[in-house]
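J.: Protein sequence lines correspond, in order, to chains A and B. Taking the working numbering, the leading residue of the first sequence gets 1, the next gets one more, and so forth. Taking the working numbering, the leading residue of the second sequence gets 1, the next gets one more, and so forth.
Quick caveat, the hints were computed from the structure, so don't treat them as lab data. One thing to keep in mind: the hints can contain errors.
Dumping the calculated BS3-like pairs for lysine-lysine here, alpha-carbon to alpha-carbon at most 25 Å [to be verified]:
1) A/Lys24 - A/Lys51
2) A/Lys45 - B/Lys13
3) B/Lys19 - B/Lys63
4) A/Lys24 - A/Lys36
5) B/Lys12 - B/Lys23
6) A/Lys24 - B/Lys63
7) A/Lys109 - A/Lys24
8) B/Lys12 - A/Lys51
9) B/Lys63 - B/Lys12
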Amino acid sequence: DIVMTQSPDSLAVSLGERATINCKSSQSVLYSSNNKNYLAWYQQKPGQPPKLLVYWASTRESGVPDRFSGSGSGTDFTLTISSLQAEDVAVYYCHQYHSTPYSFGQGTKLEIK
Amino acid sequence: QVQLVQSGAEVKKPGTSVKVSCKASGYTFTGHYMHWVRQAPGQGLEWMGWINPNSGGTVYPQKFQGRVTMTRDTSISTAYVELSRLRSDDTAVYYCARDQGLGYLPDYWGQGTLVTVSS
Numbered sequence: 001d002i003v004m005t006q007s008p009d010s011l012a013v014s015l016g017e018r019a020t021i022n023c024k025s026s027q028s029v030l031y032s033s034n035n036k037n038y039l040a041w042y043q044q045k046p047g048q049p050p051k052l053l054v055y056w057a058s059t060r061e062s063g064v065p066d067r068f069s070g071s072g073s074g075t076d077f078t079l080t081i082s083s084l085q086a087e088d089v090a091v092y093y094c095h096q097y098h099s100t101p102y103s104f105g106q107g108t109k110l111e112i113k
Numbered sequence: 001q002v003q004l005v006q007s008g009a010e011v012k013k014p015g016t017s018v019k020v021s022c023k024a025s026g027y028t029f030t031g032h033y034m035h036w037v038r039q040a041p042g043q044g045l046e047w048m049g050w051i052n053p054n055s056g057g058t059v060y061p062q063k064f065q066g067r068v069t070m071t072r073d074t075s076i077s078t079a080y081v082e083l084s085r086l087r088s089d090d091t092a093v094y095y096c097a098r099d100q101g102l103g104y105l106p107d108y109w110g111q112g113t114l115v116t117v118s119s
């Protein structure tokens with residue numbers, strides 16, 4: 001099974017500053033046949049279901065602000081929020097859909113400093 | 001617009017079963033797999049499997065095999081998950097989530113159903 005590990009567990013960033021969340025998979029989530037990384041990022045606010053932000057490691061979901069960006073390949077990935085807004089306070093999860101059982105990171109709680 | 005509306009909260013005793021429903025609208029129900037994901041209180045997300053609403057085919061992780069059953073009723077665009085032999089650590093919010101269709105990736109999620117297992 002692929003284990004997803006995020007860092008840090010929590011993060012406090014000032015409004016307008018950059019926030020960076022890391023995710024490491026225990027095995028590569030890159031399919032060589034199509035050169036796609038089966039890695040997604042979700043945002044979850046209290047009392048709400050997760051919201052898809054990024055898939056294929058770096059493709060932004062429709063309607064997601066361009067301050068959110070994903071990068072990385074193989075086993076190491078990053079979600080970056082270029083300029084933190086108050087509405088970005090949430091827990092962020094990385095998710096691998098490369099192989100079953102699909103799995104999520106433990107989550108990173110993002111707060112305002 | 002895509003909507004997934006789940007059934008209401010449940011309180012169950014250990015050893016019993018629970019069945020949660022998820023009614024889909026705004027898209028072709030049989031055209032997208034449906035995932036089920038659960039989240040224990042204050043914890044992370046756990047994938048429980050998916051169902052192909054067109055064929056009824058399912059994939060469950062080993063952890064849940066023998067205890068989980070996913071079904072669907074295409075006539076009313078509704079998916080179901082049933083979990084048997086409930087334990088206290090099955091207490092969680094259960095989400096249905098539509099597969100995006102590009103890879104086995106949930107995009108739209110239901111509002112969640114809280115299942116509490118307590119004696």
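J.: Check each numbered hint against the structure and report the violated ones by number, ascending.
T.: Hint check: 2, 8 fail, others pass.
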